[in-house]
Amino acid sequence: MNPMISKFVTQNFMTEEQGQYIEDAIMRKESIVVSGHRSAGIRPLMATLMAVAKKNFTNVQVKGFDDLENQVEFFLIPGLDDIDFEKLIQDAIAVPDTAFISLKEPEHPVSLMKVLKANYKQGKGINKKIHTLECTKKDNVPYLDKITEIHIDENGKIIKTDF
Numbered sequence: 000m001n002p003m004i005s006k007f008v009t010q011n012f013m014t015e016e017q018g019q020y021i022e023d024a025i026m027r028k029e030s031i032v033v034s035g036h037r038s039a040g041i042r043p044l045m046a047t048l049m050a051v052a053k054k055n056f057t058n059v060q061v062k063g064f065d066d067l068e069n070q071v072e073f074f075l076i077p078g079l080d081d082i083d084f085e086k087l088i089q090d091a092i093a094v095p096d097t098a099f100i101s102l103k104e105p106e107h108p109v110s111l112m113k114v115l116k117a118n119y120k121q122g123k124g125i126n127k128k129i130h131t132l133e134c135t136k137k138d139n140v141p142y143l144d145k146i147t148e149i150h151i152d153e154n155g156k157i158i159k160t161d162f
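Quick note, in numbering that gives the first Met the number 0, the sequence shown goes up one by one and the last residue is 162.
Hints may contain errors.
Unchecked claim - Derived DSS-like pairs: lysine-lysine, alpha-carbon spacing no greater than 27 angstroms straight-line:
hint, residue 1, residue 2
1, 159, 145
2, 28, 86
3, 137, 86
4, 156, 54
5, 145, 53
6, 86, 116
7, 128, 53
8, 137, 116
9, 62, 116
10, 137, 6
11, 28, 137
12, 116, 28
13, 159, 28
What the hints assert, rightly or not - Have a look at the derived ranges for each label pair, beta carbon to beta carbon:
hint, residue 1, residue 2, range
14, 155, 46, 20 to 26 angstroms
15, 147, 57, 25 to 31 angstroms
16, 136, 78, 15 to 21 angstroms
17, 153, 27, 17 to 23 angstroms
18, 19, 81, 34 to 40 angstroms
19, 36, 6, 17 to 23 angstroms
No wet-lab data here; the hints were simulated from the structure.
Small disclaimer: the values here were computed from a predicted structure and weren't measured.
Even glycine gets a Cβ: it sits at the ideal position worked out from N, Cα and C.
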């Protein structure tokens, strides 16, 4: 397992199986959305996963819609306040042969089902897998609570599978 991801396993933020699942998803060039409140450790996790993608694939840190025109394998999308964040995620999903790593927090809400359906209507993003990593806290200790794979199939049906 990647040493940066295994650090989260050692800290009991996630299980070894979850860490391997996440690393495997990145290596298959599938998208990751880290979800939860900032206090649940989502930003350090997102930064670590971005570093893993940076080390292995061509990438660009997205600061605006123009960055989605770069010929890369991964878009690294931090929380951006001065932009239509949901539309940015929708447009990133629509770019063929790319994946992205981003977050979903109260300040940057994203409805993945909404953006997948919007892309489906345009014939884009079909069968493109997105893994949501839901982080939370129990007794003031942050941890990865749930991983869900989501995609839209050729018939426009949203498929969700929990790990």
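Open item on the list: Tell me if the straight-line CA distance from residue 159 to residue 145 falls inside 27 angstroms.
Closed with: 12 angstroms, holds
Open item on the list: For a C-alpha distance cap of 27 angstroms, please report whether residue 156 and residue 54 respect it.
Closed with: 34 angstroms, violated
Open item on the list: For a C-alpha distance cap of 27 angstroms, please report whether residue 28 and residue 137 respect it.
Closed with: Roughly 31 angstroms between the alpha carbons, so the hint for residue 28 and residue 137 is violated.
Open item on the list: Holds or violated: residue 116 and residue 28, Cα atoms, limit 27 angstroms.
Closed with: 21 angstroms, holds
Task: Proposed proximity, residue 86 with residue 137 (alpha carbon, max 27 angstroms) - done: Violated, at about 32 angstroms.
Open item on the list: For the hint 15 to 21 angstroms, verify it against the beta carbon of residue 136 and that of residue 78.
Closed with: Roughly 19 angstroms apart at Cβ, these two residues keep to the hinted range, so it holds.
Task: residue 153 paired with residue 27, Cβ distance criterion 17 to 23 angstroms - done: 20 angstroms, holds
Open item on the list: Just to be careful, I want the Cα atoms of residue 86 and residue 116 compared with a cutoff of 27 angstroms; is the pair within it?
Closed with: OK: residue 86 and residue 116 at ~13 angstroms, within 27 angstroms.
- [ ] Confirm or reject the claim that residue 155 and residue 46 have a C-beta distance inside 20 to 26 angstroms.
- [x] 34 angstroms, violated
TODO: May I ask you to test the hint 25 to 31 angstroms on the CB atoms belonging to residue 147 and residue 57?
DONE: 27 angstroms, holds
Open item on the list: Check whether the Cα positions of residue 28 and residue 86 lie no farther apart than 27 angstroms.
Closed with: 21 angstroms, holds
Open item on the list: With the threshold set at 27 angstroms, check whether the alpha-carbon distance from residue 137 to residue 6 stays at or below it.
Closed with: Holds, at about 20 angstroms.
When each numbered hint is compared with the structure, violations occur for hints 3, 4, 8, 11, 14.
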